[in-house]
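Asker: One-letter residues, chain by chain:
Protein chains: 2
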Amino acid sequence: MKKIINDPSTVVADALSGLAAAHPELLRVQQDPAVVVRADAPVSGKVAVISGGGSGHEPLHGGLVGHGMLDAACPGAVFTSPTPDQVQAAVAQTNGGAGALLLVKNYTGDVLNFETAAELAAADDVDVRSVVIDDDVAVADSTFTAGRRGVGGTLLLEKLVGAAAQRGANLDECERLAKTVVDGVRSMGMALTAPTVPHVGEPSFELADNEMEIGIGIHGEPGRERAPLEPADALVPRLLDAVVSDLPFERGDRVILFTNSMGGTPLLELYLAHGIAERLLADRGIVVERRLVGPYVTSLEMQGMSLTLLRVDDQMLELWDEPVCTPALRWGM
Amino acid sequence: MKKIINDPSTVVADALSGLAAAHPELLRVQQDPAVVVRADAPVSGKVAVISGGGSGHEPLHGGLVGHGMLDAACPGAVFTSPTPDQVQAAVAQTNGGAGALLLVKNYTGDVLNFETAAELAAADDVDVRSVVIDDDVAVADSTFTAGRRGVGGTLLLEKLVGAAAQRGANLDECERLAKTVVDGVRSMGMALTAPTVPHVGEPSFELADNEMEIGIGIHGEPGRERAPLEPADALVPRLLDAVVSDLPFERGDRVILFTNSMGGTPLLELYLAHGIAERLLADRGIVVERRLVGPYVTSLEMQGMSLTLLRVDDQMLELWDEPVCTPALRWGM
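Chains as they are written, first to last, in the numbering used here: chain A, 5 to 337; chain B, 5 to 337.
Next comes chain A alone, as it looks inside the complex:
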């Protein structure tokens, strides 16, 4: 295993120390239980928007804490759900009196632990709601999931709900928006190589030199099929067709297109793939209103990519354009 780490058992805590040192003006880190909290939290009268999940998907979620996005993130061990006490601490530290909305990726452990935390917070008289995101069209159930997995769409969900909460939307409105986003977002990914989890020390799976995994999960879980390598001009339509036909997205739909690197794929390849996706969507009469290209929902050093489409209206575009100031996503301020 080749990694820039010390002890695999402290890798998340060590990385969180670095995150705190790098962005003192945006966030603070509490180590035990581990929570990344917006620097100015709690914001009085504002709905707290909280997410979390296993580490190894950075910048998701800790790198998305800040003005206009997440109030707190709960980082579990690598590829492991955060514990209820982490989520409970996040609620306690960000509760500004307007309740909290938990944005939860659909993995069995995550759903269970966020649910337990919501119950604990309710006992503390905080109004806590959860919305589960399951945007991955690749498989119906999977290694860690009953139902579909939550993947790239999570970032779009966090941005839009974070912006609404920042503008003063109440908990009902934030919850309703989150459900609308979940209803209108779909993703699919693929991998060329496997990630290596530090405390495991071996690649998560084996792929032959001429193989790729189509529909991969962000923990290296199997997708739809292993297929021979193919050119980007065949691969990108394959991913996009699966996404478009699922909702389905139709001629005249307005969308945000998110072309995501799984971590190890360089921008040179990612922009190349993005250009193909833009052309295919134009051919279908689907209108790309905004785009995001980069490594945002990753799987450690795994090479691969995913495409996410979110159907939007004017209100959602306004929320997308609202100022945001986090380590990984920053504009308008």
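Think of the hints as simulated: they come from the structure by calculation, not from any bench.
Treat the hints with care, as some may be off.
Copies of the same chain look alike in the list, so a pair counts if it works inside one copy or between any two.
Straight-line Cα separation of at most 20 Å, EDC-like style, residue types lysine to aspartate or glutamate; simulated pairs [claimed, not checked]:
| hint | residue 1 | residue 2 |
| --- | --- | --- |
| 1 | Lys6 | Glu234 |
| 2 | Lys6 | Glu215 |
| 3 | Lys6 | Glu229 |
| 4 | Lys183 | Asp257 |
| 5 | Lys183 | Glu322 |
| 6 | Lys6 | Glu210 |
On the provided structure of chain A, position chain B as indicated by the hints.
Answerer: Here is chain B on its own, set in the frame of chain A:
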């Protein structure tokens, strides 16, 4: 070779198409000769700040084109210098009547081709100056270089000079600032794995499973030594000591610290390394005023990192904080 591409011979052109599609509000792309140009260029009365170099280091340079940073970038083939006609086209498209400053990484081909372009532009009566950056402390001469290589410091140079030009500094002032930055910036990098150039199809070098290359260049050129893998707590001081002792940076110095991923190293590891660097600098009494952490000056999918330190004063910090709006670096607007 596992890559999301079509034909290796069109990979740069294909990626530039995607870049243009992704950021129509920030930049435009001309394909032959290849130039990435700020959307609102030429800006009348403003010094044009232009850089470029081989592709494969994204987001450097095309992802740094926009308000407050580069007016144009000239992307060569992967790891290959841009041609003089690319640079000449960049000058022609961005010349707002106040001259142009070329920021050139110190590689033999780059220096030669930018020089030729400057002569061509001078013949067109445009006042063109060049500043060469050679911030890599690892080796005195190298595979592609007489003298030191230009690496991570290039990004800091582009940000500060870009901000000065945006604020209305004239060509003399921009040139003087660029030289000050070059005088005060030092970097060193390392690699755990090799990149694969698309038109070569094989990794650029071989490293054993227990080896790393210390002082690597951003094209995979050899550095100071191959060493056995070591923990981050040994590796980071090794890089930082080389950087600090070179200038040297001294107790009381104020700096920008740039912790850069070579591409394939995940943020989890990069933030971990950044945290160590912050602690070491605090121990030495060197004051980190600003920081940047991420994959900005990369070598395709190479795993590894570099550390860059720039000595700053109040004026340089002001320039760092000035608004910037590019695909990869964006704040204040």
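Asker: Against the structure shown, which of the earlier numbered hints fail to hold, in ascending order?
Answerer: none
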